[in-house]
Amino acid sequence: MKKTYKITAPEGLHARPAALLVTAVTPFECDVQLTYKEKSVNLKSIMGVMAQGVAPGSIVEISADGPDAEKLFQTVTELIISKGIGEEY
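The opening position of the sequence shown corresponds to residue 1 in UniProt numbering, with each subsequent residue numbered one higher.
Don't take each hint at face value.
Cut-off 27 Å, straight-line C-alpha distance, at most; resulting in silico cross-link-like pairs (BS3-like, lysine-lysine) [claimed, not checked]: (1) Lys44 with Lys83; (2) Lys2 with Lys37; (3) Lys37 with Lys6; (4) Lys2 with Lys39; (5) Lys44 with Lys6; (6) Lys71 with Lys3; (7) Lys83 with Lys37; (8) Lys44 with Lys2; (9) Lys83 with Lys3; (10) Lys44 with Lys3; (11) Lys2 with Lys83; (12) Lys83 with Lys6; (13) Lys6 with Lys39; (14) Lys37 with Lys3; (15) Lys39 with Lys83; (16) Lys44 with Lys71; (17) Lys71 with Lys39; (18) Lys37 with Lys71; (19) Lys6 with Lys71; (20) Lys2 with Lys71; (21) Lys71 with Lys83; (22) Lys3 with Lys39.
With beta-carbon atoms standing in for the labels, derived distance ranges [said to hold, decoys possible]: (23) Lys83 with Glu61: 17 to 25 Å; (24) Gly84 with Ser40: 20 to 28 Å; (25) Glu11 with Pro67: 28 to 36 Å; (26) Pro10 with Pro67: 34 to 42 Å; (27) Pro10 with Asp68: 27 to 35 Å; (28) Thr23 with Lys2: 17 to 25 Å.
Treat the hints as calculated values from the structure; they're not laboratory data. We treat Cβ as the ideally placed atom computed from N, Cα and C, and that holds for glycine.
All chains, please: the whole structure from these sequences, using the hints.
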């Protein structure tokens, strides 16, 4: 399962929004990846997410594989929109 998001936060995916995302997805069983500029990292890794250097206006893809992937995407989408990190693309 995959979804694409546009990052609209003026600071991009730096420490605070990255930490919010990592914290939100960590309890889920499924494997979850963040892909940016054809490079994928584990979305449960704060260092991996920050190393991507996602800038404002960037398009990222989040993919999840596992029994609770649908619930994970509900959580991620709500978080991204409610915290002003981005929007569905």
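Each hint, compared with the structure:
no. : hint                         : result
1   : Lys44 with Lys83             : holds, 18 Å
2   : Lys2 with Lys37              : holds, 16 Å
3   : Lys37 with Lys6              : holds, 13 Å
4   : Lys2 with Lys39              : holds, 15 Å
5   : Lys44 with Lys6              : holds, 19 Å
6   : Lys71 with Lys3              : holds, 13 Å
7   : Lys83 with Lys37             : holds, 23 Å
8   : Lys44 with Lys2              : holds, 16 Å
9   : Lys83 with Lys3              : holds, 18 Å
10  : Lys44 with Lys3              : holds, 16 Å
11  : Lys2 with Lys83              : holds, 21 Å
12  : Lys83 with Lys6              : holds, 13 Å
13  : Lys6 with Lys39              : holds, 16 Å
14  : Lys37 with Lys3              : holds, 15 Å
15  : Lys39 with Lys83             : holds, 25 Å
16  : Lys44 with Lys71             : holds, 16 Å
17  : Lys71 with Lys39             : holds, 24 Å
18  : Lys37 with Lys71             : holds, 26 Å
19  : Lys6 with Lys71              : holds, 20 Å
20  : Lys2 with Lys71              : holds, 13 Å
21  : Lys71 with Lys83             : holds, 18 Å
22  : Lys3 with Lys39              : holds, 16 Å
23  : Lys83 with Glu61: 17 to 25 Å : holds, 19 Å
24  : Gly84 with Ser40: 20 to 28 Å : holds, 25 Å
25  : Glu11 with Pro67: 28 to 36 Å : holds, 34 Å
26  : Pro10 with Pro67: 34 to 42 Å : holds, 36 Å
27  : Pro10 with Asp68: 27 to 35 Å : holds, 32 Å
28  : Thr23 with Lys2: 17 to 25 Å  : holds, 21 Å
When the structure is compared with the earlier hints, no violation turns up for any of them.
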